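Undergrad: These are the residues of each chain, in order.
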Amino acid sequence: MIPTSYYLILSAAIFVIGTVGVLSRRSALIVFMCVEMMLNSVNLTLIAFSRHWGNLNGQVFVFMVMAVAAAEVAVGLAILVAHNRNVDTTNIDEINLLKW
Amino acid sequence: MWFSYLFFIAVGAIALAAAVGVVVSRVPVHSALFLLLQFAMIAALYITMDAQFLGAIQVIIYAGGIVILILFVIMLIGSEKIEARGEQRAWLPWVGLALGVILLVAIGASMVQAFGGAAPNPGPNAGGVPDVVGLELFTRYILPFEMVGVLLLVALIGALLLARRSAAEQAAAKLVEAEAAPAPKTAPNAAPKQAPRTRRSIRA
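First to last, the protein sequences are chains W and X.
Each residue of the first sequence is one higher than the one before, counting from 106 in my numbering.
Each residue of the second sequence is one higher than the one before, counting from 65 in my numbering.
Pulled out of the complex, with its shape left as it was, chain W reads as follows (with noise of 0.2 angstroms):
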């Protein structure tokens, strides 16, 4: 069995990757995607856990945060999609309708 250290410190790196991608790419769609990676290695983390005090909680966990990481592409994508209609650009510079 690999030890569960192993899967934390790989999920941490994927994490701090995602992380480097949504601070310095400026495209509102590969926000999107390193957001998901995020999410994902969230999930690895939850499963490491899971399996490393044998119980199933991260595991229901884990399909929770699916549906919501789900639901979170479907209206971010419709926002981008909404915004795109009126403003050429998915430039996440360029849209800042909400900032003073």
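Only true hints are included.
The following residues of chain X were derived to be distant from chain W, with all beta-carbon distances above 10 angstroms:
no., residue
1, E241
2, E243
3, A245
Estimated spans, in silico, between C-beta atoms of each pair:
no., chain 1, residue 1, chain 2, residue 2, range
4, X, M65, W, N196, 47 to 55 angstroms
5, X, F136, W, N162, 32 to 40 angstroms
6, X, I124, W, N191, 32 to 40 angstroms
7, W, I184, X, I166, 28 to 36 angstroms
8, X, P194, W, P108, 21 to 29 angstroms
9, W, M169, X, Q177, 24 to 32 angstroms
10, X, V193, W, D198, 44 to 52 angstroms
11, W, L202, X, R204, 38 to 46 angstroms
12, W, I184, X, F67, 39 to 47 angstroms
13, W, K204, X, A235, 25 to 33 angstroms
14, X, P184, W, K204, 43 to 51 angstroms
For the record, the hints were derived by calculation from the structure and aren't laboratory data.
Owing to the predicted nature of the structure, the values given are computational and were not obtained by experimental measurement.
Ideal Cβ positions, reconstructed from N, Cα and C, are used throughout, including at glycine.
Fit chain X to the given chain W structure using the hints.
TA: Below, chain X alone, put in the same frame as chain W:
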């Protein structure tokens, strides 16, 4: 025994490389394909951790649903090269990288402190085949399960509402089309504030 380590290292390395590919790729479609690869590798890792049901769900929802949706949107709104446009901020990736390193150190330090090799404690119900997870979902977690159903319904309705054109927008589009045709003299009173953009050529 060594085979499982080898498998973990190979799959983990591919997942990490794909994650880096998502971030550094210049073309959004390539990013989406790297994301697909990354999700598949994570699904493989789920299966190595006896979470077979979630591995299948991962492939179905993420690889089959979310990535396809993202690809659809990329095709719809174009994959322009954004980074070259607007004011240049050459320092932005470096700041992102520095903050990422700080975050990695913080996560690593807290993880080592809080989880310094606690012994595994496999309980009686190890493993995540569908009937075990399903039993748990439909008995102990029935209320959250139902709430997730409601959440998905709300998200569905919200996405529909957001993506559809309002009546005013449709009227504005019609007006612009009428103007593009041999123009009538009477300028429409309710001229749209901002002309809807002309259809862009499809860029893959």
